[in-house]
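**Student:** In case you want the letters, here they are:
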Amino acid sequence: MSTKLFTLALISALIVGLVGPAVMAADMKIGFMPMTLSNQYFQTMVEGAKKRASQLGVELSVQAPKSHSSVGAQLRIIENMITRGVDALCIVPASSTGLMSGLQKAQNAGIPVVNIDTQFSQKSIEGAGLNPIPYIGTDNYDGAKKAGNKALELLGGEGKVAILTGVPGQQNTRDRKNGFMDAVEGKLEIVATQTANWEVEEGYNVTQNILQANPDLGLIFASNDGMALGALRALKEAGKQDEIELIGYDAIPAALESVKAGGIDADVAQFPAEMGKGGVTMAYQMASGESIAVNHHRNTPTKLITQDNVDAMINYLENYSG
Amino acid sequence: MTKELTEYLPNDLLEKYGIYIGFLAVFVFFCFMSPNFLSQRNVFNIIVQSSVIAIIAIGETIVISTGGIDLSVGSVVALVSVALGLMLISPLPIFLAVAFSILLGTAVGLVNGLIISYGNMPSFIVTLGMMSIAKGAALMLNGGQPVASLPMGFDKIATTDIFGVPIFVVYVIVAYSIMFIILNKHKLGRYIYAIGDNEGAARLSGINVKKIRTTSFVFGGLFAGIGAVMLTARLNYATPLSGSGFELDAIAAAVIGGTALSGGKGSIVGTVVGALLLGTLKNGLTLMNVSSFFQQVIIGTVIILAVFVDKLRSQ
Chain A
0 MSTKLFTLAL ISALIVGLVG PAVMAADMKI GFMPMTLSNQ YFQTMVEGAK KRASQLGVEL
60 SVQAPKSHSS VGAQLRIIEN MITRGVDALC IVPASSTGLM SGLQKAQNAG IPVVNIDTQF
120 SQKSIEGAGL NPIPYIGTDN YDGAKKAGNK ALELLGGEGK VAILTGVPGQ QNTRDRKNGF
180 MDAVEGKLEI VATQTANWEV EEGYNVTQNI LQANPDLGLI FASNDGMALG ALRALKEAGK
240 QDEIELIGYD AIPAALESVK AGGIDADVAQ FPAEMGKGGV TMAYQMASGE SIAVNHHRNT
300 PTKLITQDNV DAMINYLENY SG
Chain B
0 MTKELTEYLP NDLLEKYGIY IGFLAVFVFF CFMSPNFLSQ RNVFNIIVQS SVIAIIAIGE
60 TIVISTGGID LSVGSVVALV SVALGLMLIS PLPIFLAVAF SILLGTAVGL VNGLIISYGN
120 MPSFIVTLGM MSIAKGAALM LNGGQPVASL PMGFDKIATT DIFGVPIFVV YVIVAYSIMF
180 IILNKHKLGR YIYAIGDNEG AARLSGINVK KIRTTSFVFG GLFAGIGAVM LTARLNYATP
240 LSGSGFELDA IAAAVIGGTA LSGGKGSIVG TVVGALLLGT LKNGLTLMNV SSFFQQVIIG
300 TVIILAVFVD KLRSQ
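Going down the list, the sequences are from chains A and B.
Mapping of the first sequence onto numbering that gives the first Met the number 0: position 307 corresponds to residue 306, and the numbering continues sequentially without gaps.
Mapping of the second sequence onto numbering that gives the first Met the number 0: position 159 corresponds to residue 158, and the numbering continues sequentially without gaps.
The hints are simulated quantities; they were obtained by calculation from the structure and are not laboratory data.
Keep in mind the model is a prediction, meaning the values are calculated, not measured.
Incorrect hints may have been included.
List time: in silico DSBU-like cross-link candidates among lysine-lysine, alpha-carbon distance up to 35 angstroms [as the list claims (entries may be wrong)]:
(1) Lys239(A) with Lys134(B)
(2) Lys159(A) with Lys184(B)
(3) Lys122(A) with Lys104(A)
Simulated coverage check for chain B against chain A, where a stretch passes if three residues somewhere in it have a Cβ under 8 angstroms from a Cβ of chain A [stated by the list, open to error]:
(4) 145 to 158
(5) 190 to 198
(6) 231 to 239
Backbone N, C-alpha and C define an ideal beta-carbon position, used for all residues, glycine too.
Required output: the full structure, derived from the provided sequences and hints.
**Tutor:** Listed below in structure tokens is the structure:
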């Protein structure tokens, strides 16, 4: 009996002791939901958001699913954020078309939403009869084109390339694939286009398989850095690191270290911290009743990073290491 | 009732109702920790958020009670979800698409059961294989792409209210009531526990073990199919990536609710409380703004503690 009561007490004590201090009060609460937190890219975004939130004196509540593709978990988080009484929501959706019921709930509750990084499909938003949602993020098509042009330069205009794509159904996945393909089309031969769902482990496995099938591969474009790091491991293991060029996307700290060390050859930098900051600012403005242009659409820049300019980027990112 | 209660010492009370007391403790804890927790709307939220797992966990509880395990239910959710999405935009009438979807889930369960029973194979291996097959099939059906813009009216399956009560709450109550009666009043229930308790003895006493075992997996597939329809309607969106990890949540709900992985012992009332406990933790911890990493640690701890308490009380 006492052991059992003790066990129950232990559960409670564990929860109270470790999380109790997290509860605090502020006038305005903004909910911030990245696709996941198990990716440095989103951690950097959250750091930017936190900085801006503390400047504005608002409470930021950050919640995210375990992996990059959990639409169901994101819907649950939106519902719980609404219950928690947030005044505005910043969302990086795990699907461009699949979170409409969550947006509907936020709209019904009168909570403004800012769309960050991965854009909601305008068609889906209109189809669901929702109000337009402002967006802040990278023009991924354009960023991927930079990667494609760099690929042409690295290969001298000819060779075989493979593309690692992200979670199917996300706008980013499409834009990055298409941007790269349009830049290299007719010049380079695309021998493989495989999804690795933005994950390191899958990037590793898929690259191993691609290398098996295409021993004369010239370049891999991994459309995010997680997958690029996985691909790099596979290249190293196969002893092909010097033969095969590798381009990543996002410029997360781990990938930049690799660019510096000569592992990843080039990387398209995004500026997630700016997205996090801009998102919180806009959420703050909307929750305070300022009107935002209905079709507000702001692109944060992209920049091609190579060994020449990697140090500056690393220094910049150090401002946002958690 | 009062007479029965007085017969119990507090000790027995805790033994018999450990999971319910644990659930209440967690619930009360959140009431104090988060001002937004205790409202009718949030309580409905918790039930709705737990309902897909609660439904899938019915089938899982039955399978585990026979001493088996069904690892394929999460992938079956993905498969049924995409199939349903494609049928809906084909466009099949909503009623037919839903009926075929549930049938598809049931059929996968039947295949599992037949291979396991008549091929004399371990359920762990067969359903592990089916997990991969169903996932692959889900991805193949629409080339890995999700199916969005489902027809108007389909999401009514999820968004309808009955006198202010979300319809998912009604589904859960109806499904559990029916299965409670079948498992407790019908001989099928006795056979299921008999097989899980001692398969040899069950066979000797004339129970058709193969048939009952197959039936248990049919239930596994049936409820995965129903869960898939609910999830798809809730999201109004069908994706082959849905359902991943659901098998583990369903197993956790059953085990927290007192179902023994060794078979022979299980209660679906415990299971629904198990599913609600998991849902309450995810909800309450989010309301308290606990980091999503730490939430996983807490939930894992609760699962281990629940089984630990269960082990104590069965000694």
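**Student:** Quick one: which hint numbers does this structure break? Sort them smallest to largest.
**Tutor:** Violated hints (numbers, rising): 2 and 5; every other hint is consistent with the structure.
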